[in-house]
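Asks: Protein chains in written order, with the numbering used here: chain A, 1 to 272; chain B, 273 to 607; chain C, 608 to 875.
None of these hints come from the bench; they were simulated from the model. Some hints could be false.
Calculated lysine-lysine pairs in the DSSO-like style (CA-CA distance at most 27 angstroms, straight line) [to be verified]:
| no. | chain 1 | residue 1 | chain 2 | residue 2 |
| --- | --- | --- | --- | --- |
| 1 | B | Lys359 | C | Lys873 |
| 2 | C | Lys695 | B | Lys288 |
| 3 | A | Lys171 | C | Lys873 |
Per label pair, the in silico range of CB-to-CB distance [claimed, not checked]:
| no. | chain 1 | residue 1 | chain 2 | residue 2 | range |
| --- | --- | --- | --- | --- | --- |
| 4 | A | Asp240 | C | Phe733 | 18 to 28 angstroms |
| 5 | C | Arg872 | A | Phe100 | 22 to 32 angstroms |
| 6 | B | Glu387 | A | Leu24 | 35 to 45 angstroms |
To give a feel for the contact side, a few chain A residues facing chain C, derived at Cβ under 7 angstroms [as the list claims (entries may be wrong)]:
| no. | residue |
| --- | --- |
| 7 | Val30 |
| 8 | Val120 |
| 9 | Thr124 |
C-beta: ideal position from N, C-alpha, C; glycine also.
So the chains spell out like this:
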Amino acid sequence: MAGTATAPRLPRQAAFRPRLGSALLSRGIVVTWLSVIVLIPIVALTLKAFSTGPIEFWDAVSSPQAVEAFRTTVLLSLIVTAINCVMGTAIAWVLVRDEFPGKGLLNATIDLPFALPTIVAGLTLIALYGNDSPFGIDIVRTPVAVVMALLFVTLPFVVRSVQPTLIELDKDMEEAAASLGAGNLTIFRRIIVPNLRPAILSGAALAFARAIGEFGSIVLLAGNVKIASVYIFAKIDSGDPEGAAAISVVLLLISVGILLLMGRFAKRGLPI
Amino acid sequence: MGIAVQNVNKTFGDFKALDDVTLDVPDGSLTALLGPSGSGKSTLLRLIAGLEEADSGTVLLNGEDVTHVSVQDRGIGFVFQHYAAFKHMTVRDNIAFGLTIRKTPKDQIRARVKELIRLVQLNGMAHRYPSQLSGGQRQRMALARALAAQPNLLLLDEPFGALDAKVRKELREWLRNLHEEVPVTTIFVTHDQEEAMDVAQQIVVMNQGKIEQVGEPKELYENPKTEFVMGFVGEVNRLGDALIRPHDLDLSLTPIEGGEEANVERVSHLGFEVRVELSLANGDHAWAQVTRKEDEELQLTEGVSVYARPSRARKFQGAEAQGDDGASAEELQVA
Amino acid sequence: MTVPRLSQLGIRSVVLFYLTFLLLLPVAMVFYRAFEDGFGVAWDTVTSEQGIHALQLTLTTVAIAVPLNTIFGVLAALVLVRQNFRGKAILNSLIDIPFAISPVVIGLSLVLLYGPRDTAVGQWFFQHGILIIFSTPGIVIACIFVSLPFVVREVVPVLHEIGDEQEQAAKTLGANWWQTFRRVTLPAIRWGVTYGVVISTARVLGEFGAVSVVSGKVIGETETLPLFVRQQFETFNGAGGYASALVLAVLALLTLVLMNLINRRKEN
Numbered sequence: 001m002a003g004t005a006t007a008p009r010l011p012r013q014a015a016f017r018p019r020l021g022s023a024l025l026s027r028g029i030v031v032t033w034l035s036v037i038v039l040i041p042i043v044a045l046t047l048k049a050f051s052t053g054p055i056e057f058w059d060a061v062s063s064p065q066a067v068e069a070f071r072t073t074v075l076l077s078l079i080v081t082a083i084n085c086v087m088g089t090a091i092a093w094v095l096v097r098d099e100f101p102g103k104g105l106l107n108a109t110i111d112l113p114f115a116l117p118t119i120v121a122g123l124t125l126i127a128l129y130g131n132d133s134p135f136g137i138d139i140v141r142t143p144v145a146v147v148m149a150l151l152f153v154t155l156p157f158v159v160r161s162v163q164p165t166l167i168e169l170d171k172d173m174e175e176a177a178a179s180l181g182a183g184n185l186t187i188f189r190r191i192i193v194p195n196l197r198p199a200i201l202s203g204a205a206l207a208f209a210r211a212i213g214e215f216g217s218i219v220l221l222a223g224n225v226k227i228a229s230v231y232i233f234a235k236i237d238s239g240d241p242e243g244a245a246a247i248s249v250v251l252l253l254i255s256v257g258i259l260l261l262m263g264r265f266a267k268r269g270l271p272i
Numbered sequence: 273m274g275i276a277v278q279n280v281n282k283t284f285g286d287f288k289a290l291d292d293v294t295l296d297v298p299d300g301s302l303t304a305l306l307g308p309s310g311s312g313k314s315t316l317l318r319l320i321a322g323l324e325e326a327d328s329g330t331v332l333l334n335g336e337d338v339t340h341v342s343v344q345d346r347g348i349g350f351v352f353q354h355y356a357a358f359k360h361m362t363v364r365d366n367i368a369f370g371l372t373i374r375k376t377p378k379d380q381i382r383a384r385v386k387e388l389i390r391l392v393q394l395n396g397m398a399h400r401y402p403s404q405l406s407g408g409q410r411q412r413m414a415l416a417r418a419l420a421a422q423p424n425l426l427l428l429d430e431p432f433g434a435l436d437a438k439v440r441k442e443l444r445e446w447l448r449n450l451h452e453e454v455p456v457t458t459i460f461v462t463h464d465q466e467e468a469m470d471v472a473q474q475i476v477v478m479n480q481g482k483i484e485q486v487g488e489p490k491e492l493y494e495n496p497k498t499e500f501v502m503g504f505v506g507e508v509n510r511l512g513d514a515l516i517r518p519h520d521l522d523l524s525l526t527p528i529e530g531g532e533e534a535n536v537e538r539v540s541h542l543g544f545e546v547r548v549e550l551s552l553a554n555g556d557h558a559w560a561q562v563t564r565k566e567d568e569e570l571q572l573t574e575g576v577s578v579y580a581r582p583s584r585a586r587k588f589q590g591a592e593a594q595g596d597d598g599a600s601a602e603e604l605q606v607a
Numbered sequence: 608m609t610v611p612r613l614s615q616l617g618i619r620s621v622v623l624f625y626l627t628f629l630l631l632l633p634v635a636m637v638f639y640r641a642f643e644d645g646f647g648v649a650w651d652t653v654t655s656e657q658g659i660h661a662l663q664l665t666l667t668t669v670a671i672a673v674p675l676n677t678i679f680g681v682l683a684a685l686v687l688v689r690q691n692f693r694g695k696a697i698l699n700s701l702i703d704i705p706f707a708i709s710p711v712v713i714g715l716s717l718v719l720l721y722g723p724r725d726t727a728v729g730q731w732f733f734q735h736g737i738l739i740i741f742s743t744p745g746i747v748i749a750c751i752f753v754s755l756p757f758v759v760r761e762v763v764p765v766l767h768e769i770g771d772e773q774e775q776a777a778k779t780l781g782a783n784w785w786q787t788f789r790r791v792t793l794p795a796i797r798w799g800v801t802y803g804v805v806i807s808t809a810r811v812l813g814e815f816g817a818v819s820v821v822s823g824k825v826i827g828e829t830e831t832l833p834l835f836v837r838q839q840f841e842t843f844n845g846a847g848g849y850a851s852a853l854v855l856a857v858l859a860l861l862t863l864v865l866m867n868l869i870n871r872r873k874e875n
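In isolation and in its complexed conformation, chain A is listed as follows:
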């Protein structure tokens, strides 16, 4: 080998490095950081919830107020998720398959709820639907206002989940179905919906998890509507951290459960 053009360079023997070293180090940093910021605080929360014993824990989470808060929160979140599934898919459809002037701008504004601080989101709804509403309707302090606030902050989840799937959806499939005699409704039901289902479900699960825990956008307009996060905040303020922690643990279980379920249903979910 190595004729005149190539000066022989022998491998440096001493250079053996255990390749696992840097991998273990980076993994260690990631796990430590995650523990300090996320995991250990959650452990502290759970310990606090049970610090006065299982009976007190049960009392806290089964008190009439707590049960009402859970029921209202889950119910409103389910309503919001259902509306999101329909409207989110429709919005994605319009953004992908429709053409009209201003579509690009509309597409850009979909992410606004992600960019806008939640307290501002709540405030925007008060500005339009509050006591001096230009439409003369005051829905603040009603469940409708809470639903609207939740719809506002969860808007992008289903849209942004369905949109890329719809773009990639093979038009050939629809044309094949049409060539076999399927009408529009059949194509939608038998071809499009099944193909979008994983995307809709994963967007819906994220929206639901977000709705269950939402606080900033509804704190100004919830009024007497019992929402779990607002209830927890009130408990903290009134000096009952054990009770607040107990309610928190249940709320945490509900949303983590939903996200785990999503992993089951939407296999194509988050990429890893």
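Dock chains B and C against chain A, hints included.
Replies: Relative to chain A, chains B and C alone:
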């Protein structure tokens, strides 16, 4: 530099990619690792490069044990099937990468890059990005990049696999010429036997994690040691327990000694070559490769009866059963 | 499938109606409300000592939380995509936890861990005179918690997409870990990282629930801009509340423009 791989094993989960492989590659040679996908050829190449670590066994480069030396320090050049071009760098920066890493003085880098751009015929493209190049140009850039730091060893993993047939042929010839100009020890992986035979001085045939045979192209074709090698480096017919290459099957319209009667099922004219598909009296199927001239003499058409006689055939005993003793090959001279 | 013209128009109208009344009109209304009582009130509130302090604290929080999360996010994405080890799937799910938890619960968890009363950790900090809860460090930690997954989730798919061949090529050319990362990996993922940084920034700028709990709402001390908005609103300075909300809304619109610009770059 000479390479010695000794008793190397490598598994991925349950899959045994390399099974006790031992191989010598002489200094300055141009060697092909040939085999079907999953045969372990790419794993062997990556192991020599240092991109994979063996479970057991040793790798020697020029007699030095480099089994635990990292890829950065082996002084190799590696060319990937899908080019692995640095998409955010120009051709020039791609080629210069290895030299920049080694903190080579700027004027030397400039001179070397210029020399390489000429060598791989990318003149005038120094400031283009990989996305502005064709597949063949990208692969030549990748080659220049691998050669820039003057590696002791050039390793190519299916270098032409992603290119279309015409470009592949050009690059094959070009690689052969390059090896003459820059005589660095070169190993390339391919699943294409024609490519291996066309380019390499020495071919290593691999199957299921083992080396089946090592030899020059002609040697492998003429004297395959196993049934697998015979089948992989060329076309074969099986008649009973004998294997015959289609061009070693003589056809005659009149009975001949040692000939078997067969019925012509189909005749395909592929230019110079004519393929005659036959069904034999015992139900076997075979095909014969005849020249256009022979075909004109015989006037073969569908349904005609002919007599087929192997001029040369091989028998392999217990290719699978015998294992370590190696299969024995026996050449049958019929005619 | 070709939708009949009429159905197409129907769907389009429903979608436009929905977005107008849920999103566009309410946001536009904030602009109107802020200046309803004249420009003066709005300006005075935003430039009051308290308002300026809230803005400063918010920007400080962004300046600490976002870089830390960016480093963590890129590292975590590299670990998740380029390494194989037992427990990887668990680590992957754990990183998403902040998406699944109510901000109020996040705030409470931090108060319980780092507050002086409940745990040995909190007591240790207390004894060493380090104030975390009801102070800037607590606010920063809360913001890191809520925005933890953003960079990871943006970078992971990009790393998958580029594959590791370019990195292997860099290694065969002699590049060490850092050289490979800086010269090959980072340039390839830079738009994903930038996008993650922008949405992390938006989230940290606007974080309300978790910060409400850990800040103790010491006016003029631990009040971030979103808390200031609420405080203005609840003290019946409606115009001031809208005006400070407007500052945040403008920052959000800026973020939105950046997100869209980056998205366009990412696609190229």
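Asks: What are the numbers of the hints that this structure violates, sorted from low to high?
Replies: none
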